[in-house]
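Visitor: Top line first, the protein sequences correspond to chains R and U.
Number 652 in my numbering belongs to position 443 of the first sequence; there are no gaps in the numbering.
Number 98 in my numbering belongs to position 94 of the second sequence; there are no gaps in the numbering.
Bear in mind the hints are in silico, worked out from the structure with no lab data behind them.
Treat the hints with care, since some could be wrong.
Said to hold, decoys possible - Which residues of chain U face chain R? A partial, calculated answer using Cβ under 8 Å:
id	residue
1	A23
2	I85
3	I90
Unchecked claim - Quick partial rundown of chain R residues pointing at chain U, CB under 10 Å, derived from the structure:
id	residue
4	V261
5	L833
6	V884
Even for Gly, the Cβ is constructed at its ideal location relative to N, Cα and C.
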Amino acid sequence: MTGTGGIRGWITTVDHKRIGILYGVTAFVFFLVGGIEALVIRLQLARPDSAVVSAETFNQLFTMHGTTMIFLAVMPLGAAFFNYLIPLMIGARDVAFPRLNALSYWVFLFGGLFLNASFLFGAAPDAGWFGYANLTDRQFSPGPAIDFWLLGLLVLGVSSLIAGFNFIVTILNMRAPGMTFMRLPVFVWMTLITQFLIVLAFPTITVGLFLLFFDRYLGTGFYNPLVGGNPLLWQHLFWLFGHPEVYILILPAMGIVSEVLPTFARKPLFGYPVVVYSGILIGFFGFGVWSHHMFTVGLGAVADAAFSLATMLIGIPTGVKIFNWLATLWGGAIRARTPLYFAVGFIAMFLMGGLSGIMHASPPVDMQQQDSYFVVAHLHYVLVGGSLFGLFAGIYYWWPKMTGRLLSDRLGKLNFWLLLAGFNATFFPMHFLGLLGMPRRIYTYSADRGWEPWNLVSTLGAFLIAVSVLVFLVNAVRSLRAGAPAGPDPWDGRTLEWTLPSPPPVHNFEEVPTVAHRDELWARKRRRPAEPPAPREPVPAPAPHGIHLPPPSHYPIVVAGGILLVAVGALAHVAVSVLGGLLAVYGIYRWAFEYGGPGRGHPAPLEETSLGLDHRKTGFWAFLGSECMFFASLIATYMAYKGKSLTGPYPHEILNIPLTSISTFVLLMSSLLMVLALAAVQRGDRLGAKLWLFGTAFFGLIFLGFQAYEFIEFVHEGLTLQVNLFGATFFVLTGFHGAHVTVGVIWLLSLWVLALRERLGPADAMLVEVAGLYWHFVDIVWIAIFTLIYLIQ
Amino acid sequence: MTEPAHEIHPPIRAYLVIAAVLAVITAVEVAVFYITWLARFLVPILLVLSAAKFALVAMFFMHLRSDSRVFSGLFAGPLAIAIAIILVLMALFGAFVVGRP
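Start from the sequences, fold in the hints, and give me the full structure.
Guide: If you want it as structure tokens, here you go:
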């Protein structure tokens, strides 16, 4: 059962609540680490000509502070809430893929430890949290520091992507009967939007990091101007991720605040649909504003104007939300408890960060403020004043549900006022420092600059923040030891989690609830008549059978360990990477057969899912959407560098159209064999299934043979990864595609073996259908590559 | 449990027809590449043909035409953003500037 106790129980748990607690505790520890780094930074800057730390150490501290707070603290604190609360709020017994949920936690933990292990080797990353090229090139960062950073971020990206697919499927497909989209709690909505941002934004930084990896390890020149590369490519790929990342950090806080305010104002959220649509718009616009981080690089007037306009537009839905929150409070029967304090603090502080953000949207103003402390003030008002205040509101709001005990309201309010005072004392003076010309990332300054008074105030403020966090820790420990029992519904809550005991039982709900209202629990308590169901959304029937919960599994931690070893091997020895890869593959295969065979682990019956869709297929389509962004980033890199090689061989001299036409034909026809295989499995034609599955894999192998021949020929003719930009972009794009084909061939051969053992009947058709989707996807990617690279030269 | 896929997916003969069409379009693409008097129109012709192949595989082999609209949304939304990003990055790197080296 998922409730197994002891350390083994925690290591093998797949219970979303336990995983949520693991995320929360781990992220809070990393938050303390990042906070200590910030305190040392502030100590160094408190006085002019200070020597608390060296310049090198200072670079490491601000790099690791930013990286830690964003990737290891604020993001996973949001994930802690997603994990613990989403199933409870939508009336589900767990997430769609419990073992994947555990995997995402262990990969996150290992990625965080890997990143921070750099301190032990005296090689902490030191090029800033956004690692601008070409500071990160081997020439300027010869040691392993940047390798720790890029490999750590790649590992953490795996964790975020896995969690993203999981929660998309969970929210789309596991809502309780009657919980239509417009009855979802706003926190669930913001979580859903955040997951889409994650799965669409992380592939671009993944590509950017891979290109950096190739530059550092294989001598390519993606970011090296000496061979025609352009450091701005990194900035584009980074900020294509980095700006949506801002919303990945802030939308969960917006969701939390949207839950807290109505509860403590004792009236429904004002303009629920507008708040939801504003969140969607923020997510959508979030992909169109990345270059406002790059106004000073000389993009040109048209680009600057377009990105400036888009940035100002994104302020509209944000402002709309703020008005809705204020209108929720207006006329409410306010209960001034700690969660409300933090929620109101969020509104005020985030508003200030938003206002300075609007200033940055104007290119002429931004050019004056770029790389000054004004920007440091802005981003902290958004990410501390916004995200952190929102997260604290959530901690104080849901702590009783998670622990069964109340936190002290008196200490909570002391925590709030100290944090509010400390936060403003720390970051408001940075506006003045920026306007006085103090650049960010300098490790000291001379006394004649006149920056000392504000820096001193800022440092004192930082220590006040530390005291406020200490008060929270005292409050938490006191609550866990002897806090007053919370009961199931201490706040007169509105949403389903408050119908459960605190903490909830392992299986969450004795009976899957049926939802008839947006504020379901309030409606039940006030005996409101049911709202009419939405016309086009299915309302599935409650489960007629008993409670099925997945058993604990240790394969998630095995696979995560394999992924960690792959990263460690890149720093130590390739053999370690190979060992890690083998361990991960072993873990995946054992995982697949853990319940007696692939697909045998109680997949949710379709009639019980919210959309009537298979979880695996829904998740896989979300994965393919993410893959679109991955290959788009690679194709965009190829197209951006097209014709910019400084030396040959050039495409028209080397590409072999007749040969590639044949391999293209083979791959296209493999897609035909794939659909024939699926049709055979669906109708129970075992011979046909074996034949067509093997045929598809065989055609894939032929395609790979053609690709290997082509690569060897090109190398003989002088085209290598290092020789020019064409070689680098060509080999990386087609190489990643080939790697995808290789994975597909292995997958198909695995299914073929199952078919040979007569373990692939019509009931297992979904396994083949999902593999088929993957196979067809690599086919259509090749269709694009064949046209864009080979035919349009 | 699986969906009653055989009821909503095309019959085998339709798959064979689609495969034949894909093969013909590929042949036309390669032929167009070698026809010198079409050089001026090469790019738009190839993009249209490539898009047609892409759509055929996605709609029929991946069953988007007959499957849930949710799947179409999960794929087409990101695809649209992906294409927009390629075009914007190409523009920002001067790929559409006439006469660039």
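Visitor: Hint by hint, note whether the structure agrees.
Guide: Results for each hint:
With a least beta-carbon distance of about 4 Å to chain R, the hint placing A23(U) at the interface is held under the 8 Å criterion. A hinted interface residue such as I85(U) counts as satisfied when its beta carbon comes closer than 8 Å to some beta carbon of chain R; here the least separation is about 6 Å, so the hint holds. Interface restraint check for I90(U): the shortest CB-CB distance to chain R comes to about 4 Å, inside 8 Å, so the restraint holds. With a cut of 10 Å, the hint placing V261(R) at the interface with chain U is violated, because the nearest CB-to-CB distance is about 42 Å.
Interface restraint check: L833(R) against chain U, minimum CB-CB distance 6 Å, threshold 10 Å, status holds. A distance limit of 10 Å between C-beta atoms decides the matter here; for V884(R) the minimum to chain U is near 5 Å, and the interface restraint holds.
When held up to the earlier numbered hints, the structure conflicts with hint 4 and nothing else.
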